[in-house]
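Produce the entire structure from the sequences given, and follow the hints as far as they go.
Chain order of the listed sequences is A and B. Under my numbering, the first residue of the first sequence is numbered 1, with each subsequent residue one higher. Under my numbering, the first residue of the second sequence is numbered 1, with each subsequent residue one higher.
There is no bait here: all hints are sound.
Listed below are several chain A residues computed to face chain B (Cβ distance under 7 Å; list not exhaustive):
no.: 1; residue: Leu44
no.: 2; residue: Ser97
no.: 3; residue: Thr106
no.: 4; residue: Phe109
no.: 5; residue: Pro111
Calculated from the structure, these hints are not laboratory results. Beta carbons are placed, not taken as given, at the ideal position from N, Cα and C, and that holds for glycine.
One letter stands for each residue in the lines below.
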Amino acid sequence: GAVVSQHPSWVICKSGTSVKIECRSLDFQATTMFWYRQFPKQSLMLMATSNEGSKATYEQGVEKDKFLINHASLTLSTLTVTSAHPEDSSFYICSASLPGLAGQDTQYFGPGTRLTVL
Amino acid sequence: AQKVTQAQTEISVVEKEDVTLDCVYETRDTTYYLFWYKQPPSGELVFLIRRNSFDEQNEISGRYSWNFQKSTSSFNFTITASQVVDSAVYFCALSKGSSNTGKLIFGQGTTLQVKP
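This is how it looks when you write it as structure tokens:
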């Protein structure tokens, strides 16, 4: 159980185009999903918290208009990188929070999406 | 402020050796959760363990064991009789004791290389 998928697993696009990444919780419902960015040999950096049915909460320094997040259902959140540029190239990872008792939620991670912007 | 420190950037061991990955955390919360995740070369983070701040009991799962010491704010991870398949980046993480956000603060990660 607690499987999270991401699609696509990798994408190459031209500068100026937009790219959409999907994150799905396959066997549980997740009211909260998270989007992270990871540069090579570095830790995960939280970009935003995605809540089903409401606006995402972005971390300081993350451009809301550039990284659009939609959490349309309890099993799907999408991240759209708008007008992508080479500096947006990175490994994007989502996680879905599996609810537990009294705040004991556990995040399960998707396999990640490697974005390369030419 | 909350912070997680994994002082060991890289560790290299020979198969069958035991290895301990260190994790030190900082928080002012009385209720919090600690996690360990494994990130193999494929990139997907694999959940290993969650421990809440009120449970200092050490845990063993097969070759894995965890030592939670609240007095030293540490949550160390030991792999016994390491195997090549254990080679990965291991992340320690901390979250607040709230079901509302569940934000994770990650350490910088420790790259473990197990040589045959």
